[in-house]
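Here the protein sequences line up with chains A and B, keeping their order. Going by my numbering, 145 is the number at position 145 of the first sequence; the sequence numbering is gapless. Going by my numbering, 77 is the number at position 77 of the second sequence; the sequence numbering is gapless.
These aren't lab readings, by the way, just hints derived from the structure by calculation. Note that this is a predicted model, so its numbers are computed, not measured. Every residue gets a Cβ at the ideal spot worked out from N, C-alpha and C, and that includes glycine. Be a bit skeptical, because a hint or two may be false.
[To be verified] A short, non-exhaustive set of chain A residues, derived as facing chain B with CB atoms under 10 Å:
hint : residue
1    : Tyr15
2    : Leu59
3    : Arg80
4    : Gly86
5    : Ala102
6    : Tyr107
[Claimed, not checked] Calculated from the model, a selection of chain A residues having no Cβ within reach of chain B, i.e. all distances over 12 Å:
hint : residue
7    : Gly145
8    : Pro224
9    : Asp227
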Amino acid sequence: MSDYAVQFENVVKDYPTDILGRKKLRAVNGVNLNIEPGQVFGLIGPNRAGKTTLVKILLSLCRATQGTTRRLGRPVSERRTLARVGYMHENQAFPRYLTAAALLEYYGALTLLPEPEVRRRAPQLLERVGLADRSREPIARFSKGMVQRLGLAQALLNEPELLVLDEPAEGLDLLGRKLLREVIADQRRGGRTVLLVSHVLEEVAQLCDRLGVIAGGRLVFVGPTADLLVDSKTGQGRSLETALEGLYQKNVS
Amino acid sequence: MNLPAAIYAIRWLIRDTFRQSLATGIFWIMLSVTVLCVLLCLSVSVTGPAALHDKMEPTGFVARPPRAPHESDEAYQKRLADLEREAARSGTELAGGEMTLAFGLFHTPIGRDAADAVHFLELLLAGGVADAAGVLLALVWTAGFLPGFLDPNAASVLLAKPIPRWSLLFGKYLGVLVFVAFQSVLFVGGTWTALGLRTGIWDSAYLLAIPLLLVHFGIFFSMSTFLATCSRSVVTCILGSFLFWFLCWGMNYGRHVVVAAESLRESAAGLRGAVEVGYWVLPKPGDMSMLLFDALKAHDSFGIAPEFKQVQLMGAFNPELSLLTSVLFAVVLLGLSAWQFVTTDY
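Isolated chain A, as found in the complex (with noise of 0.2 Å):
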């Protein structure tokens, strides 16, 4: 057993580009990455980098080619460990039937919470998200905005030893991202797991310890953002984005 909340030993994914999948298109290449628990790490990359892969495949919604991952110490095809995993998606299409109230406690009862926990969380959460006085209005009524904040409550629902948010700021208004910072420091405070997909650069240098930047599906750095920062052959301070620049280019092309 790993004492990592998150781990990827040599993972690889190719899908298939045609119907018999003899041609294939890899995803990821050899990814190794390690997230200590307590720690609230930062994903970033160009489009097509692989990022929304490897998050799937942490998540069990696909299977690594080759590779191991493990969640919260255990091997991904242990759904069990899902129980203590909060995932906010980044298009998340929730059943616009459902009122917001509703759609909680259907997603609470499937991640397998008690009822009556569920039901005394649920409208503290949104509370929370600021979405307290529309708990009873169809999901059909929300604004994209107000999709992510709930989004994101039912994320924090089973109160998660591992948060993974995927683009979370997408749609959302500044006190929403507001809102988002002050969660991911509330669990970093309660000592627990985020991992943050975003290509929003100043809001993962902001939030996150460590940082992972994957390019044409290799991860090409990890470690402190502040590492980034500096150019390793000059020792001068340089921008995020000239950083990321520059290893985009090196490892795309």
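Chain A is already provided as a structure; the job is to place chain B on it using the hints.
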């Protein structure tokens, strides 16, 4: 995952299916059809039934014909008198009853007694409205439930929950089945009660239509489920289920034709073998309708296809095995759907 947890999760999936049916209006559409049929039954009235001479004897009566257009009163009375004489000569009597529908708007002479008239109506409702049109319409109306549920943007968060994927699919399948069972109980139970209240005739055999219709629907919804896991397309689910239903009907009927026709039976052993394999592998909607007709004792009122009658007489129709193999096909298809769903990358 332990059993109580699985039951707890499945209970919520069933609840979600009902919410979905309410939100999409399907619940109300099906309920409206039921209400219309119940109202029709409540509008039924049967008067002046002729008693049966022998309950086992199917044609011991002569139906009183309606007056033909442009037929004079005198001519009509003469015709009735002739019929009465004819009936008396053959040891029967002229049935003088009448059934009215829509609170007296439509009148129709009844062939036998009130029980027979009500039985005929129940057969129309179970065999025509529910079994043929009802099952196909239910397949269309519920075809969108699974593709929407399996859409990657909708399913990703659900699939990151600790319950196994197969139980998500099974829960949703069961949810649709419970929904259709609920509607079937309302339809059959409602029309049965309405007819009973109006006529005082309570034929409990009619209630057998509920499980038979549900099995029929469940078998073909397994194909819709399989198509949904493969394509996540509502159109594919509707067209595929329909085509499959017709293919199965064709195979079912074709097998009975081959068995019943002596010339085909003897001259084409290869064809017979192929048809037998197809017949036993695929679900058998024709046989299921026959089972429904048998359960409702429909043979007094409706004739069945001669090929179906012939295989029955030849002893080449095994209702239990036919039903069992149809259900087995659905179970295998659901297993394949679960495997497809479990192994799909999201």
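- Message: So, against the hints stated earlier in the document, which numbers end up violated here?
- Response: none
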